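Participant: Just so you know, the sequences run in chain order A and B. The first sequence begins at 1 in my numbering and counts up one residue at a time. The second sequence begins at 1 in my numbering and counts up one residue at a time.
Hint data in this document are derived by calculation from the structure and do not stem from the laboratory. From a predicted model like this one, the values you see are computed outputs, not experimental measurements. Be aware that one or more of the hints could be misleading.
Okay, the calculated beta carbon distance ranges per label pair [to be verified]:
| id | chain 1 | residue 1 | chain 2 | residue 2 | range |
| --- | --- | --- | --- | --- | --- |
| 1 | B | Glu32 | A | Ala141 | 56 to 64 Å |
| 2 | B | Lys2 | A | Gly63 | 30 to 38 Å |
| 3 | A | Arg111 | B | Glu200 | 57 to 65 Å |
Derived pair list, reagent style DSBU-like, types lysine-lysine, alpha-carbon separation capped at 35 Å [stated by the list, open to error]:
| id | chain 1 | residue 1 | chain 2 | residue 2 |
| --- | --- | --- | --- | --- |
| 4 | A | Lys88 | B | Lys44 |
| 5 | A | Lys130 | A | Lys170 |
| 6 | B | Lys41 | A | Lys130 |
Positions of the beta carbon are idealized from the N, C-alpha and C atoms, including for glycine.
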Amino acid sequence: MTVQEIITRGLSHSTKNAPSRIVDDAIEGLAIVIEAVRGLFQLGTRINREWFGETLTVAGAAGAWARPADAESIYRLEIGSGARAGTKLTRVPFDDRATEFRKPSVYAFGRAYYPSGNALDPNPALESIKFFFASEPDLPADINAAIDARFPERFRELLALEFAVYLALKDERMAGELDHLKAERDRWLLRYVAFLEHEDTTEVRRHDHDRAFNGPSMVPLTSLVAGGTDLKLQ
Amino acid sequence: VKAATIIGLARDEHPAFTERFTPDGVCYNYLEQYHTLLARKLLKADRDALLTIVAVPLPLANFDAGYNALPARIVLEDTAFLVDSVANRCRAQRVDGAQRHNPRVFPSFTFENGVIYQTRTAAYWTDYTSLELRYTPEVTIDPLTDDLVLPNDAQRACVLALAAFMGRRIADRPGLPPIDRGGLAQGAAAAEAEFLLAHEKAIVSEIREVW
Numbered sequence: 001m002t003v004q005e006i007i008t009r010g011l012s013h014s015t016k017n018a019p020s021r022i023v024d025d026a027i028e029g030l031a032i033v034i035e036a037v038r039g040l041f042q043l044g045t046r047i048n049r050e051w052f053g054e055t056l057t058v059a060g061a062a063g064a065w066a067r068p069a070d071a072e073s074i075y076r077l078e079i080g081s082g083a084r085a086g087t088k089l090t091r092v093p094f095d096d097r098a099t100e101f102r103k104p105s106v107y108a109f110g111r112a113y114y115p116s117g118n119a120l121d122p123n124p125a126l127e128s129i130k131f132f133f134a135s136e137p138d139l140p141a142d143i144n145a146a147i148d149a150r151f152p153e154r155f156r157e158l159l160a161l162e163f164a165v166y167l168a169l170k171d172e173r174m175a176g177e178l179d180h181l182k183a184e185r186d187r188w189l190l191r192y193v194a195f196l197e198h199e200d201t202t203e204v205r206r207h208d209h210d211r212a213f214n215g216p217s218m219v220p221l222t223s224l225v226a227g228g229t230d231l232k233l234q
Numbered sequence: 001v002k003a004a005t006i007i008g009l010a011r012d013e014h015p016a017f018t019e020r021f022t023p024d025g026v027c028y029n030y031l032e033q034y035h036t037l038l039a040r041k042l043l044k045a046d047r048d049a050l051l052t053i054v055a056v057p058l059p060l061a062n063f064d065a066g067y068n069a070l071p072a073r074i075v076l077e078d079t080a081f082l083v084d085s086v087a088n089r090c091r092a093q094r095v096d097g098a099q100r101h102n103p104r105v106f107p108s109f110t111f112e113n114g115v116i117y118q119t120r121t122a123a124y125w126t127d128y129t130s131l132e133l134r135y136t137p138e139v140t141i142d143p144l145t146d147d148l149v150l151p152n153d154a155q156r157a158c159v160l161a162l163a164a165f166m167g168r169r170i171a172d173r174p175g176l177p178p179i180d181r182g183g184l185a186q187g188a189a190a191a192e193a194e195f196l197l198a199h200e201k202a203i204v205s206e207i208r209e210v211w
């Protein structure tokens, strides 16, 4: 599934989309598809972070461990080397570093992680940190490059419709066609969300069923697609 | 039973009791306070419940310096036992520090600033090979992996008290059953009462010459 294939399918959703005139495939077309993929990765990470999961072991430098640059959402930290390798690390708030003073903990500041100053903390000079995270998509270099394989190919129509909705918005085709395209897009969006919800139902979980996280707010999933959606996604 | 085990079992009482909203550190602080409180109640029910016995070999390396290898904070019993060279045991009475050099009873000892001193002089103690001290240590739990000082059957009381505390800290979560805060509090009180009842000593069966 290449970017060009997505663009071609997206253009075909409206007779008003004149190929090579409404959008330059290699520049704007590529950029639109990249943003569409990024949005669907973000949305998917909220639903099934493990699907987009990666790990990276980072050695300490200058008293800290750098945050993986392509991490969209970090969801577990472990000590990555030495005798305590595999030990879970707890991230504590920058302004309350004694929250878990009986456990190894770190705090985050400026895209880096620091020991929180308690007895069991990891040592940046001796130990690494293994990050478990959902990463951003690998970006296609040009329109002939493939979309990141973590986006399942069978939902390519969703990407094409995201592209088509963007063109309709650009062309200000607000009445009629935009609603029709969004409705069609939402149908595929539901299938994509449903897949990420149920792709593996074998997990047994003691706590944390709603996977809520500590934060000042939570952006609704419905705002992460082109033109927003009226679907009831939490 | 380890503190970390108690915290894990308390989390099992409700799926909303996650580490994210009720961190181990917060749970531990509560558990430490409750554990200390429950230990005091237990000692009221049975003063020997947490009794620790240590045998101090005699003679001491330095008679005048006394024996100071006890934990920093203890409650020492008024009576210790002495063992002589042919394994006979006899009582040693604790006396006031002012009587260290001229005690009214002998054998006896004083306990000052965490140090045990034998009374009179070393020459009076040549027959004795060890001093058996009985004390209750300060009730503490330190790292999460440490065992509780309380007996293992205190586990249910600790778990429910901690679960009730967790329930008070957080709001109900969407999609999860409401937290039965009243039920947890009642369960905790009942488990505590049951634990203390099980350890209540039948004082009538104990015969003591003096109080």
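Participant: Confirm or reject each hint.
Facilitator: The hints, checked one at a time:
1. B:Glu32 to A:Ala141: 56 to 64 Å: Taking Cβ atoms as reference, B:Glu32 and A:Ala141 lie about 57 Å apart, which means the hint holds.
2. B:Lys2 to A:Gly63: 30 to 38 Å: Cβ of B:Lys2 to Cβ of A:Gly63: about 33 Å, so the range 30 to 38 Å holds.
3. A:Arg111 to B:Glu200: 57 to 65 Å: 59 Å, holds
4. A:Lys88 to B:Lys44: The given pair, whose Cα atoms are some 40 Å apart, is violated under the 35 Å limit.
5. A:Lys130 to A:Lys170: 43 Å, violated
6. B:Lys41 to A:Lys130: 45 Å, violated
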